[in-house]
Amino acid sequence: MQLHAKRLVNIALFELVRLFLTKRGLLAVAVLSICWLIVLRYAIGEAVNLLSSPDIAGFIDQIFGAIGLSKLLTWPEAELAVYWLIALYSFPIFCLFLCADQTVGDRQRGTLRFLSLRATRAEIILGRFIGQLLILIVLLSITLVATLAMLTYREPSLFFAGSSRSLVLLGYLVVAVMPYIALMSFINTFSRSARLAFIVAILFFVGGKIIVGLLAWTIPALEVLNYIFPGYQVADMAAQDAGLMLAVGLPLIQTMILLIFAERMFARSSL
Amino acid sequence: MSTLIKAQGVTKYFGSKLALSNVSFEINTGPPVALVGPNGAGKTTLFSLLCGYAFPSSGELKIMHQQPGNAHLFGKLSALPQDAQLDPGFSIIHQLTFYAQLQGFSKSQAKQESDRVLELVGLSNAVNQRPNDLSHGMRKRAIIAQALIGSPQIVLLDEATAGLDPVHAREVRELISTLSNQATFILSSHDLSELERLCGQILHLDQGKLTEHNALSQSTSNQHFVTLRLAQKYKDVEKKLFALAGVRNVHNSQAKEYVIEYEKSVEAFDIQLLQYCHQQGWQYQQLVNGNTLENQIFHKEH
Numbered sequence: 005m006q007l008h009a010k011r012l013v014n015i016a017l018f019e020l021v022r023l024f025l026t027k028r029g030l031l032a033v034a035v036l037s038i039c040w041l042i043v044l045r046y047a048i049g050e051a052v053n054l055l056s057s058p059d060i061a062g063f064i065d066q067i068f069g070a071i072g073l074s075k076l077l078t079w080p081e082a083e084l085a086v087y088w089l090i091a092l093y094s095f096p097i098f099c100l101f102l103c104a105d106q107t108v109g110d111r112q113r114g115t116l117r118f119l120s121l122r123a124t125r126a127e128i129i130l131g132r133f134i135g136q137l138l139i140l141i142v143l144l145s146i147t148l149v150a151t152l153a154m155l156t157y158r159e160p161s162l163f164f165a166g167s168s169r170s171l172v173l174l175g176y177l178v179v180a181v182m183p184y185i186a187l188m189s190f191i192n193t194f195s196r197s198a199r200l201a202f203i204v205a206i207l208f209f210v211g212g213k214i215i216v217g218l219l220a221w222t223i224p225a226l227e228v229l230n231y232i233f234p235g236y237q238v239a240d241m242a243a244q245d246a247g248l249m250l251a252v253g254l255p256l257i258q259t260m261i262l263l264i265f266a267e268r269m270f271a272r273s274s275l
Numbered sequence: 149m150s151t152l153i154k155a156q157g158v159t160k161y162f163g164s165k166l167a168l169s170n171v172s173f174e175i176n177t178g179p180p181v182a183l184v185g186p187n188g189a190g191k192t193t194l195f196s197l198l199c200g201y202a203f204p205s206s207g208e209l210k211i212m213h214q215q216p217g218n219a220h221l222f223g224k225l226s227a228l229p230q231d232a233q234l235d236p237g238f239s240i241i242h243q244l245t246f247y248a249q250l251q252g253f254s255k256s257q258a259k260q261e262s263d264r265v266l267e268l269v270g271l272s273n274a275v276n277q278r279p280n281d282l283s284h285g286m287r288k289r290a291i292i293a294q295a296l297i298g299s300p301q302i303v304l305l306d307e308a309t310a311g312l313d314p315v316h317a318r319e320v321r322e323l324i325s326t327l328s329n330q331a332t333f334i335l336s337s338h339d340l341s342e343l344e345r346l347c348g349q350i351l352h353l354d355q356g357k358l359t360e361h362n363a364l365s366q367s368t369s370n371q372h373f374v375t376l377r378l379a380q381k382y383k384d385v386e387k388k389l390f391a392l393a394g395v396r397n398v399h400n401s402q403a404k405e406y407v408i409e410y411e412k413s414v415e416a417f418d419i420q421l422l423q424y425c426h427q428q429g430w431q432y433q434q435l436v437n438g439n440t441l442e443n444q445i446f447h448k449e450h
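As given, the protein sequences belong to chains A and B, one line each in that order.
Residue 274 in this note's numbering is what sits at position 270 of the first sequence, and the numbering runs on without skipping anything.
Residue 347 in this note's numbering is what sits at position 199 of the second sequence, and the numbering runs on without skipping anything.
Be careful, since some hints might not be right.
List of simulated lysine-lysine pairs, DSS-like, C-alpha gap at most 25 Å [unchecked claim]:
1. 27/A <-> 224/B
2. 224/B <-> 10/A
3. 259/B <-> 10/A
4. 210/B <-> 357/B
5. 255/B <-> 10/A
Bear in mind the hints are in silico, worked out from the structure with no lab data behind them.
Take these sequences, add in the hints, and give me the full structure.
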């Protein structure tokens with residue numbers, strides 16, 4: 005596998021620029037901004053009012069306790085607690101949509117033929133993966149900053165504590181979305197369109213989990229197969245119950261394996 | 149003269165369909181090489197293998213002693229792949245600058261280099277346009293420009309002038325001719341007169357097999373043939389030409405065109421032939437010294 009750092013950086017930055025220079029990229033940013041505006045105004049804003057209301061505090065405690073999220077109630081930065089829950093579940097889905105066209109569109113159009121005369125296939129796969137990751141870091145940062153602004157507006161004294169918690173959340177969220185991007189890198193190597201890649205990803209999660217469920221029902225030891233699905237650790241992470249190995253180690257291992265599969269598959273395919 | 153490309157027993161299957169069968173050849177640095185053959189003969193497949201877009205099912209292919217697609221070939225081998233399109237999301241200068249940066253240029257050098265190659269293909273006024281805003285011919289020229297970035301030693305052009313208007317097709321031919329002392333061009337085209345004008349070597353593919361591999365100059369320098377094209381149809385031309393002293397055979401290759409084979413001992417046969425045409429009142433359009441590439445290939449296939 006040949007990797008050249010400068011070419012990798014060039015490919016990744018070209019993808020990052022795509023977000024701000026192309027109609028598709030701007031559309032994705034617009035959709036995300038509108039969705040998060042609604043989430044911030046109604047979901048987070050209203051939820052924080054409820055969470056901080058002494059009248060129904062007992063009721064909320066019971067609900068959050070029942071679904072294993074009681075640790076989140078201890079956060080003084082209630083906005084970030086609600087953000088954490090929404091972002092942890094919504095960004096992976098958004099990521100599947102955003103990263104659906106990493107190489108497939110260029111392969112169908114023939115654009116990869118220009119690129120492959122100047123960069124190895126490993127560089128193309130990895131460079132595009134890094135590019136998509138950079139895009140998601142930018143988008144996650146924007147939503148986090150907006151949430152932090154809301155928090156600071158409600159309670160200015162929480163700014164510093166909120167900022168440091170935001171950085172930690174950003175780190176966890178970035179690691180959490182990595183295997184989803186890598187999964188789309190892999191699916192892109194054999195899919196015939198971005199839409200098909202998205203459908204294959206959904207089928208992988210829905211169909212795959214049904215199959216693993218049936219297998220585990222027959223042979224309980226096969227429950228271990230659940231580890232192949234990106235996001236397996238998300239429920240534990242949401243409740244702040246995931247150890248470092250589960251919250252960071254598992255998604256990093258999944259990402260690495262998926263990228264190796266993607267590179268091997270891409271190296272063997274015709275452009 | 150060094151060996152640039154060496155193919156030994158290259159075979160390529162697409163599923164059960166045989167696209168290339170046991171193809172062997174060598175290409176050295178030098179004048180442009182023509183890759184000719186009918187549709188489906190395997191020309192684009194061979195280009196794809198040379199560029200590393202696809203892999204041979206068997207056999208060995210080396211470009212400058214490297215496997216196709218190897219990083220050592222970046223910047224040394226460039227191509228105009230058939231049907232490949234630039235990204236519609238970005239301006240052509242943005243994309244070419246990106247490609248130049250991948251080839252090792254700094255950002256400012258890459259921009260200058262992109263401007264240079266776009267000027268070479270006459271697109272200086274359209275650098276900031278996106279591919280979808282350009283005509284088919286302009287898009288093609290932009291893609292030719294990307295193949296000229298840097299100093300490639302091998303340039304593969306698959307149907308470079310197809311779809312271009314006559315003026316720009318001529319400009320591209322002139323460009324190839326001008327640059328052919330800096331790089332070895334490998335051209336595929338259905339315009340045989342174009343290839344004849346530009347190339348010094350020919351690879352003829354038919355049904356996946358390499359049926360001819362020789363120097364074009366050898367074919368055309370064969371002094372036993374002349375090809376005469378008349379302005380209009382005249383009566384008994386074939387019969388009258390055959391009656392000329394030293395003529396061994398006359399073949400009406402296509403409408404108003406005659407391939408004349410004559411004894412090598414006859415001196416200044418072409419002069420005699422033109423004088424005879426004048427005597428007969430035949431107006432001629434063209435007299436080719438030798439057999440045209442088109443006739444050579446056509447006779448080989450039929």
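query: Does the structure keep residue 224/B and residue 10/A at a Cα separation of 25 Å or less?
result: holds (18 Å)
message: Would the hint linking residue 27/A and residue 224/B be met if the CA-CA limit is 25 Å?
response: violated (34 Å)
- prompt: If you draw a straight line from the CA of residue 210/B to the CA of residue 357/B, is it 25 Å or shorter?
  reply: Measuring from Cα to Cα gives roughly 19 Å; hence the hint holds.
Pair hint outcome, residue 255/B versus residue 10/A [Cα-Cα no greater than 25 Å]: Given that 25 Å is the threshold and the Cα spacing comes to 12 Å, the pair holds.
task: Sort out whether residue 10/A lies within 25 Å of residue 259/B, counting only the CA atoms.
output: holds (17 Å)
Violated hints amount to a single one, hint 1; each of the other numbered hints is respected by the structure.
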